[in-house]
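J.: Keeping their order, the protein sequence lines are chains A and B. To convert, note that position 35 of the first sequence is 38 in my numbering; the numbers rise steadily by one, no gaps. To convert, note that position 256 of the second sequence is 259 in my numbering; the numbers rise steadily by one, no gaps.
Incorrect hints may appear among the rest.
Same chains, same label: a pair holds when it works inside one copy or across any pair of copies.
[As the list claims (entries may be wrong)] Straight-line Cα separation of at most 30 Å, BS3-like style, residue types lysine-lysine; simulated pairs:
no., residue 1, residue 2
1, Lys276, Lys319
2, Lys236, Lys5
3, Lys315, Lys276
4, Lys366, Lys271
Hints are computed from structural coordinates only; laboratory data are not their basis.
Number of protein chains: 2
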Amino acid sequence: MKAAILGIGTELLTGLVRDYNAYFLAQKLVDKGILPQFILFVPDQMEKIVDALQFIMKEEEVKLVIVSGGLGPTEDDLTREAVAQAFGRSLIFSPEAWDRIQFFYRELRNTEPPENNRRQAFIPQGAEILYNERGTAPGFKLEVNGKSIFVIPGVPREAEFFWSLIEKDLPREEEYFYRSPIFKFCGIGESNLAKEVEPFLRHLPSSFNLAFLPNYGEVWLYVYSSRFSPEEKESALIFLEEVARHLDRFFFSPYGDTLEEAVGNMMKEKGLKLGLAESCTGGLVANRITDIAGSSQYFERGYVVYSNEAKKEDLKVPEEILQEKGAVSEETARFLARGVRHKGKVDLGLGITGIAGPGGGSKEKPVGLVYIALSSEEGVRVQKFHFSGDRLMNKRFASQSALVMIFQYLKEKFGNEFNYHQKLCGFRPSL
Amino acid sequence: MKAAILGIGTELLTGLVRDYNAYFLAQKLVDKGILPQFILFVPDQMEKIVDALQFIMKEEEVKLVIVSGGLGPTEDDLTREAVAQAFGRSLIFSPEAWDRIQFFYRELRNTEPPENNRRQAFIPQGAEILYNERGTAPGFKLEVNGKSIFVIPGVPREAEFFWSLIEKDLPREEEYFYRSPIFKFCGIGESNLAKEVEPFLRHLPSSFNLAFLPNYGEVWLYVYSSRFSPEEKESALIFLEEVARHLDRFFFSPYGDTLEEAVGNMMKEKGLKLGLAESCTGGLVANRITDIAGSSQYFERGYVVYSNEAKKEDLKVPEEILQEKGAVSEETARFLARGVRHKGKVDLGLGITGIAGPGGGSKEKPVGLVYIALSSEEGVRVQKFHFSGDRLMNKRFASQSALVMIFQYLKEKFGNEFNYHQKLCGFRPSL
């Protein structure tokens with residue numbers, strides 16, 4: 004089965020909004036072994052939407068069409084009308100859909116819906132209504148000329164919800180496109196990783212491609228193929244496992260999908276608690292750590308010590324250190340890490356200080372200079388970094404380096420004594 | 004003049020790479036008054052590329068076509084062949100193009116190009132070669148049936164270079180497309196905003212469209228048109244200003260592009276300092292505040308009081324309150340806000356406590372329940388929210404609501420006594 008994705012919204016055509024839905028849906032489709040053949044974006048204009056739908060309908064291979072966007076309550080939301088026109092159907096008012104919209108407003112917003120929300124209750128004749136659990140706009144499904152057409156809202160979190168409905172509706176078929184799980188490495192660059200992988204390459208079947216994807220200080224590795232035998236697929240996975248074993252100390256994805264999840268799972272398993280003292284990252288590390296459900300089990304507290312007063316009052320960085328060495332110094336990072344470890348009575352205290360930019364730099368201490376210290380029962384280790392991005396990139400890379408330092412500490416201390424390590428082979432049921 | 008953008012590359016269709024080029028090109032085209040009517044992505048497959056080109060060629064309005072990607076040296080780079088086939092041309096080897104590729108390799112990589120790079124020197128008959136200053140692949144330009152077709156590499160920094168060539172080639176004409184500045188509102192939903200705008204709609208010329216764009220608790224409003232007189236454009240801008248004046252208390256974009264920048268600019272101008280005490284948002288508010296350059300001028304410190312101990316030790320939330328009312332309660336939010344205001348000696352103390360989920364909810368205190376308190380010299384105001392997203396969305400919406408509370412406080416206290424307010428009218432030189 005092949006698919007097409009149609010995104011509707013003038014904002015996508017004017018560069019106001021960077022597409023997320025098509026990107027998200029493409030990933031999900033590929034996970035199901037379905038390769039999107041076309042992604043199209045058109046503005047909120049009747050004739051453009053109709054043209055695009057007619058183009059897609061002519062593509063024989065395409066059996067699944069996902070149309071996203073233009074289902075809002077306002078005048079410029081034309082997807083309902085355009086779909087009805089493209090397939091020669093009328094729009095019918097659905098009392099059930101209107102009930103749900105009213106219910107949604109009363110329950111969650113404690114008010115009646117404005118009258119213009121009634122527009123959202125009109126559905127093309129013969130379509131199956133798909134109810135929205137995250138917003139007012141219902142979606143719907145049509146079957147036309149052997150194609151299943153799903154029409155869903157453009158709000159990303161609503162689109163994500165509708166994917167869960169589409170997914171249930173997909174027929175079970177054989178895979179014709181395969182992409183391996185993504186193997187994620189941290190603390191090693193792309194070129195070095197490639198060099199380490201090279202000796203293993205002869206074990207990768209020629210029907211498979213190898214891809215490296217650098218991603219904010221991580222490198223992701225995977226293989227993919229459009230034509231492969233079961234034996235070749237098995238060999239490709241063995242190749243990946245050999246590489247992973249060889250590069251074990253950089254390999255974090257067995258422990259979690261993201262680095263923050265990986266270190267979280269590792270700390271949780273070992274019963275360790277973490278405290279943070281952030282200056283230049285401004286709470287970004289705490290934010291990433293707490294993005295993980297259950298992080299309260301290992302994250303005790305964080306301090307965003309932006310001012311010198313906060314550094315002194317909350318974490319006892321001595322005035323002399325701030326005067327003599329400066330707020331951005333190895334010594335300050337050490338005091339921050341030790342300070343939060345003692346104050347929070349935690350196992351791991353992490354301190355970060357640096358210059359995110361664009362202002363605040365000097366010849367001796369340029370923008371991008373960051374010190375990160377990790378305090379544990381073994382003592383304090385400090386690393387100095389010099390990032391060369393803009394403010395947001397410097398914050399991002401500093402937070403990433405902080406997580407890498409925690410990962411490396413845990414890996415050195417506990418090796419592979421983690422239950423999570425089993426996930427390494429977990430994707431291949433034969434092992 | 005209207006345009007279409009065709010992105011070629013299997014990675015765009017499998018969700019491995021999030022499109023950048025079409026997003027970038029769309030912005031640049033709109034800046035030139037040219038509206039992209041279609042954006043299409045197709046995989047590296049001959050027939051798909053040809054189908055997409057034929058679809059675009061049928062669209063009469065489209066006079067400019069930018070094709071990006073698939074010009075690399077490997078077997079799966081098929082754009083040259085597909086373009087030649089779609090327009091019935093043969094591919095001609097260009098000795099000049101090959102010279103440039105060899106020169107590029109010798110100069111920059113100190114080596115001879117591999118033989119497969121010769122593929123890149125084949126250009127469709129009659130095309131004008133566009134030389135690449137940032138990579139090996141030449142681009143080219145074709146004129147077919149009154150349309151200008153630019154074919155450029157997919158590597159983003161090379162695509163950016165080629166835009167500079169395309170731009171020079173554009174005819175100097177009147178604006179064909181106009182999009183107004185984006186008017187951003189917070190603290191009001193899309194439907195209610197639409198209701199408030201309705202009485203003004205008769206002032207919007209019929210040649211203009213009005214667009215609403217909900218964006219994580221904000222609503223963005225703008226007008227656009229593809230065919231308009233100078234008088235109509237002026238009227239459309241007056242319409243927007245009337246709307247903005249009417250909805251002044253929700254209208255934040257005069258103060259900054261993002262809500263965190265807006266409240267930052269407002270606090271900076273009034274010399275106010277902010278302190279944060281976050282529980283369920285886990286540092287996200289601090290992170291957003293510190294994403295803004297210069298935020299150290301108004302952001303003093305933040306506490307991420309994830310554990311009850313941290314709430315008690317750092318911000319003096321009384322044990323009895325935590326016992327009797329709970330960590331997630333109006334009272335705790337008040338103590339957090341007052342605590343950070345006093346401890347940090349700041350003008351504004353903001354406290355947030357809630358249940359981000361997915362665990363930790365109960366019947367009385369469900370997931371998504373969040374209390375936000377703002378402490379100032381006028382006293383403490385608390386708002387109760389009930390978000391219905393997943394963990395990340397609840398964090399995001401809570402951080403957004405916190406910023407809205409700060410914005411509303413500042414707006415109530417100072418009205419329009421801000422220099423930044425002048426930006427409201429700044430986009431229209433006549434005012």
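J.: Now, for every hint given, state plainly whether the structure supports it.
T.: Cross-check of the supplied hints:
| no. | hint | result |
| --- | --- | --- |
| 1 | Lys276 with Lys319 | both (21 Å within a copy, 22 Å between copies) |
| 2 | Lys236 with Lys5 | within (19 Å within a copy, 44 Å between copies) |
| 3 | Lys315 with Lys276 | both (23 Å within a copy, 18 Å between copies) |
| 4 | Lys366 with Lys271 | between (42 Å within a copy, 27 Å between copies) |
In the structure shown, no violation is registered for any of the earlier numbered hints.
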